[in-house]
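Chains as they are written, first to last, in the numbering used here: chain Z, 1 to 388; chain W, 1 to 388.
Please keep in mind that the hints were generated in silico from the structure rather than gathered at the bench.
Hints may contain errors.
[What the hints assert, rightly or not] To be clear about the criterion: a stretch of chain W counts as covered by chain Z if any three or more of its residues have a C-beta under 8 Å from a C-beta of chain Z, and this derived list gives those stretches:
#, segment
1, 60-70
2, 212-219
3, 245-251
4, 255-265
5, 366-373
[Said to hold, decoys possible] Cβ pair distances, simulated, as ranges:
#, chain 1, residue 1, chain 2, residue 2, range
6, Z, E317, W, L322, 46 to 56 Å
7, Z, I264, W, A53, 40 to 50 Å
8, W, S184, Z, K337, 50 to 60 Å
9, W, G315, Z, R164, 34 to 44 Å
10, Z, K223, W, L386, 56 to 66 Å
11, W, E208, Z, E318, 33 to 43 Å
12, Z, F181, W, Q39, 54 to 64 Å
13, Z, T207, W, P209, 27 to 37 Å
14, Z, E317, W, G300, 50 to 60 Å
15, Z, P9, W, A53, 23 to 33 Å
The beta-carbon is built from N, C-alpha and C at its ideal position, and this holds for glycine as well.
2 protein chains.
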Amino acid sequence: MQNFVFENPTKIVFGKDQIKKTGREVKKFGRKVLMVYGQGSIKKNGIYDRVIASLNEAGLQIVEFPGVRSNPVLSYALKGIDVAKREGVDVVLAVGGGSVMDTAKTIAVGAKTDDDVWDYFVFKKAVQGALPLLTVVTISASASEMNPAAVITKEEDAQKYSFRSPFAQPKTSILDPTALFTLSPAYSAYSAVDAIAHMLEPYFKNTEPNSLLQDRLVEGLVKTVMESAEAILKDPADYDARANMMWAAILGFNGMTTAGIGLIGLPAHMMEHAVSALYDIAHGAGLSITLPAWMSYIVGENPAKFARLARKLFGIEEKDDLKAGMAGIARLKEWFKSIGSPVSLGEAQIPEQDIGKIAENAYALSQLWGLSDYYTEEVITDILKLCK
Amino acid sequence: MQNFVFENPTKIVFGKDQIKKTGREVKKFGRKVLMVYGQGSIKKNGIYDRVIASLNEAGLQIVEFPGVRSNPVLSYALKGIDVAKREGVDVVLAVGGGSVMDTAKTIAVGAKTDDDVWDYFVFKKAVQGALPLLTVVTISASASEMNPAAVITKEEDAQKYSFRSPFAQPKTSILDPTALFTLSPAYSAYSAVDAIAHMLEPYFKNTEPNSLLQDRLVEGLVKTVMESAEAILKDPADYDARANMMWAAILGFNGMTTAGIGLIGLPAHMMEHAVSALYDIAHGAGLSITLPAWMSYIVGENPAKFARLARKLFGIEEKDDLKAGMAGIARLKEWFKSIGSPVSLGEAQIPEQDIGKIAENAYALSQLWGLSDYYTEEVITDILKLCK
Numbered sequence: 001m002q003n004f005v006f007e008n009p010t011k012i013v014f015g016k017d018q019i020k021k022t023g024r025e026v027k028k029f030g031r032k033v034l035m036v037y038g039q040g041s042i043k044k045n046g047i048y049d050r051v052i053a054s055l056n057e058a059g060l061q062i063v064e065f066p067g068v069r070s071n072p073v074l075s076y077a078l079k080g081i082d083v084a085k086r087e088g089v090d091v092v093l094a095v096g097g098g099s100v101m102d103t104a105k106t107i108a109v110g111a112k113t114d115d116d117v118w119d120y121f122v123f124k125k126a127v128q129g130a131l132p133l134l135t136v137v138t139i140s141a142s143a144s145e146m147n148p149a150a151v152i153t154k155e156e157d158a159q160k161y162s163f164r165s166p167f168a169q170p171k172t173s174i175l176d177p178t179a180l181f182t183l184s185p186a187y188s189a190y191s192a193v194d195a196i197a198h199m200l201e202p203y204f205k206n207t208e209p210n211s212l213l214q215d216r217l218v219e220g221l222v223k224t225v226m227e228s229a230e231a232i233l234k235d236p237a238d239y240d241a242r243a244n245m246m247w248a249a250i251l252g253f254n255g256m257t258t259a260g261i262g263l264i265g266l267p268a269h270m271m272e273h274a275v276s277a278l279y280d281i282a283h284g285a286g287l288s289i290t291l292p293a294w295m296s297y298i299v300g301e302n303p304a305k306f307a308r309l310a311r312k313l314f315g316i317e318e319k320d321d322l323k324a325g326m327a328g329i330a331r332l333k334e335w336f337k338s339i340g341s342p343v344s345l346g347e348a349q350i351p352e353q354d355i356g357k358i359a360e361n362a363y364a365l366s367q368l369w370g371l372s373d374y375y376t377e378e379v380i381t382d383i384l385k386l387c388k
Numbered sequence: 001m002q003n004f005v006f007e008n009p010t011k012i013v014f015g016k017d018q019i020k021k022t023g024r025e026v027k028k029f030g031r032k033v034l035m036v037y038g039q040g041s042i043k044k045n046g047i048y049d050r051v052i053a054s055l056n057e058a059g060l061q062i063v064e065f066p067g068v069r070s071n072p073v074l075s076y077a078l079k080g081i082d083v084a085k086r087e088g089v090d091v092v093l094a095v096g097g098g099s100v101m102d103t104a105k106t107i108a109v110g111a112k113t114d115d116d117v118w119d120y121f122v123f124k125k126a127v128q129g130a131l132p133l134l135t136v137v138t139i140s141a142s143a144s145e146m147n148p149a150a151v152i153t154k155e156e157d158a159q160k161y162s163f164r165s166p167f168a169q170p171k172t173s174i175l176d177p178t179a180l181f182t183l184s185p186a187y188s189a190y191s192a193v194d195a196i197a198h199m200l201e202p203y204f205k206n207t208e209p210n211s212l213l214q215d216r217l218v219e220g221l222v223k224t225v226m227e228s229a230e231a232i233l234k235d236p237a238d239y240d241a242r243a244n245m246m247w248a249a250i251l252g253f254n255g256m257t258t259a260g261i262g263l264i265g266l267p268a269h270m271m272e273h274a275v276s277a278l279y280d281i282a283h284g285a286g287l288s289i290t291l292p293a294w295m296s297y298i299v300g301e302n303p304a305k306f307a308r309l310a311r312k313l314f315g316i317e318e319k320d321d322l323k324a325g326m327a328g329i330a331r332l333k334e335w336f337k338s339i340g341s342p343v344s345l346g347e348a349q350i351p352e353q354d355i356g357k358i359a360e361n362a363y364a365l366s367q368l369w370g371l372s373d374y375y376t377e378e379v380i381t382d383i384l385k386l387c388k
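Throw the hints in and build the complete structure from the sequences for me.
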């Protein structure tokens, strides 16, 4: 096992009817709150009313900042920073999924500085502080509710980049599985893909034979996500399935499963960021295209590990590791398809002749993330060619 | 899944050569530190020198409080509280295993109050504050380094009781697996037993069929603890085995595996507390006696769950759940024996005619812990009769 530091202070308030605690949790950090949310789905499903009622009950002043879209953009976060500064809010509350939470993180950080916040995303500067941030989660996939990362797209340069800072870690996150009951089948599926990718990318990186602890955690969590997704597609209001998905998505990307396996890279995410920076595609939908392609590209480097997963997840009995590993990838791809997530660029209406452009975009991120020794533009192109 | 609140802010600094960071971590919380440790093993294996050097390098004033023994006693913690108050220390540093950490927690809490600290153990009063506490871990089993609990024995009444308070949660814990290289085979085995009991007691309590997430985490962690213990007994300086044991013991009792399964009881621990309150036996050695007996007593209530574990851990192929479950218990007992931990009262030189006395002691704890509806003195007696 490799050396690590693990610290994850976010308080998780989990379960039925917990949204009513939002006000009292927010109040611990200030009196005037910026409430960040998306395109209005929370008004349709009643979450908005429940959050507002709780904030009012706690006697908080509320400034609303709605309108965050999926694949959130920098320009909109900058508007939020202006509002936060102008209104002098003490605390930021995100009510939404990864896009809303990551926009809220960017606002929380930007409200405390005159820096160009994009400098944090391109690693030019380190975050020095942030307004306290809390979340009420309505899409469970990114684990942003219990981690220090945020992803935003600078639209004019088509750069979908990210930063990590302990200052951006939510203080408290409120997770009510019933808030997910109205999430569409498509987004429920994309959420599962995202959660699985967060775990499998580091999993295949972990090649230490004596470090099975993390592998076993991942195998149990991935299995749980898959089962839960299947149950959710049958019954969107299956409480236990939504709850398991919600908690598994967090445990799979809050630092626990990767503590001890060294620096992690997220190459399938890297390529997906390029895809969704250039095309309006849901993050999870992009990942179900790039993840199997990436797995197919590297399976020969560590067939035993791929075979292990194939046997654990799909009960594949093939004795030859490489064959078993490849069969496992095929099964995962079929499974993505079965839940309604695309597995090829074509299915997502992305023309194959654009591969060069996507590779170029991804390679810039590969360099920024320090992955470019392996993930050259040529390698990325070869992987993207497998996205079919 | 049931509602829960999860919050575990302890910072874990894990790995080779991390003890040198002790000083800088302690310094964040004060300038004068009470260093609590045990019977001197840390002087033999060099940990003492490394900790002192780091504290000195950080320019800290050190007050030493050595001499904590295993199955730590209240009277000695009270002495520590006196020293902490008299010296006006700002921060407490535990260097040791569960006994040292739990004594240090009691001191940290007691130093900030004029309450009789025993009132916290008998749930008469709630803890209102504590000096900041840090730990350097030399025995890995209790997970005290990342949880809010402490266990202490009031010797005159033979009461081995515990309290839990977020104030007692360590701020930072430093875990260097090499610090465990000189731990005896016996204590290495007892550590494994303790870690396993922490996980299996709630595991068998979790009977929700749709809440497999926590079960899978436990199964992976228990398997890891067992493999690691076997490797450690072959080679006490097996770094990866020590590291896996160290991290698995924490993840198995830091609140993660039990979040979502409701209130947990620890009946095998309850009975072991009675055993080690009355006899000088290592906690893990007591648990390898009470845990299989308790499992045998309740196997009929939930045979499917016992069968699941038997199949996962030992590959038992028996189709009948009750038979498979019972075979699993027998295999676990054999395994405890194989690593050198006793599985009967007789092996621990505890006379069978004392069962009445042990049951009476355990029943008092059963009442205090709110388990007495099920765990009456008669039931406890029946379970203790299986301890052979």
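A quick look at each hint next to the structure:
1. Three residues within the 8 Å Cβ limit are the bar, and the segment 60-70 of chain W against chain Z gives 0, so the coverage statement is violated.
2. As drawn, the segment 212-219 of chain W meets chain Z at 5 residues by the rule of a beta-carbon pair under 8 Å; at three or more, the given contact holds.
3. Here the segment 245-251 of chain W counts 3 residues with a CB under 8 Å from a CB of chain Z, which clears the bar of 3, and the coverage holds.
4. Coverage of a stretch by a chain is defined here by at least three residues with a beta carbon nearer than 8 Å to that chain's beta carbons; for the segment 255-265 of chain W and chain Z the count is 3, and the condition holds.
5. Figure legend: the segment 366-373 of chain W, annotated as covered by chain Z; annotation inconsistent (0 residues with Cβ-Cβ distances under 8 Å, at least 3 required).
6. Z/E317 and W/L322 have their C-beta atoms about 29 Å apart, which leaves the hinted 46 to 56 Å range violated.
7. For the pair Z/I264 and W/A53, the beta carbons lie near 33 Å from each other, so the given range of 40 to 50 Å is not met.
8. The hint said 50 to 60 Å for the Cβ distance between W/S184 and Z/K337, and at roughly 55 Å that hint holds.
9. Evaluation of the 34 to 44 Å hint for W/G315 and Z/R164 yields a pass: the beta carbon distance comes to about 41 Å.
10. Judged by the Cβ atoms, the range 56 to 66 Å given for Z/K223 and W/L386 is violated: they are separated by roughly 34 Å.
11. W/E208 and Z/E318 have their C-beta atoms about 34 Å apart, which keeps the hinted 33 to 43 Å range intact.
12. In this structure the hint that Z/F181 and W/Q39 lie 54 to 64 Å apart at CB holds, the actual value being about 57 Å.
13. Checked against the given bound of 27 to 37 Å, the beta carbons of Z/T207 and W/P209, roughly 36 Å apart, stay inside it.
14. For Z/E317 and W/G300, the hinted distance range of 50 to 60 Å is not satisfied, since their beta carbons lie about 34 Å from each other.
15. With their beta carbons about 29 Å apart, Z/P9 and W/A53 fall inside the hinted range of 23 to 33 Å.
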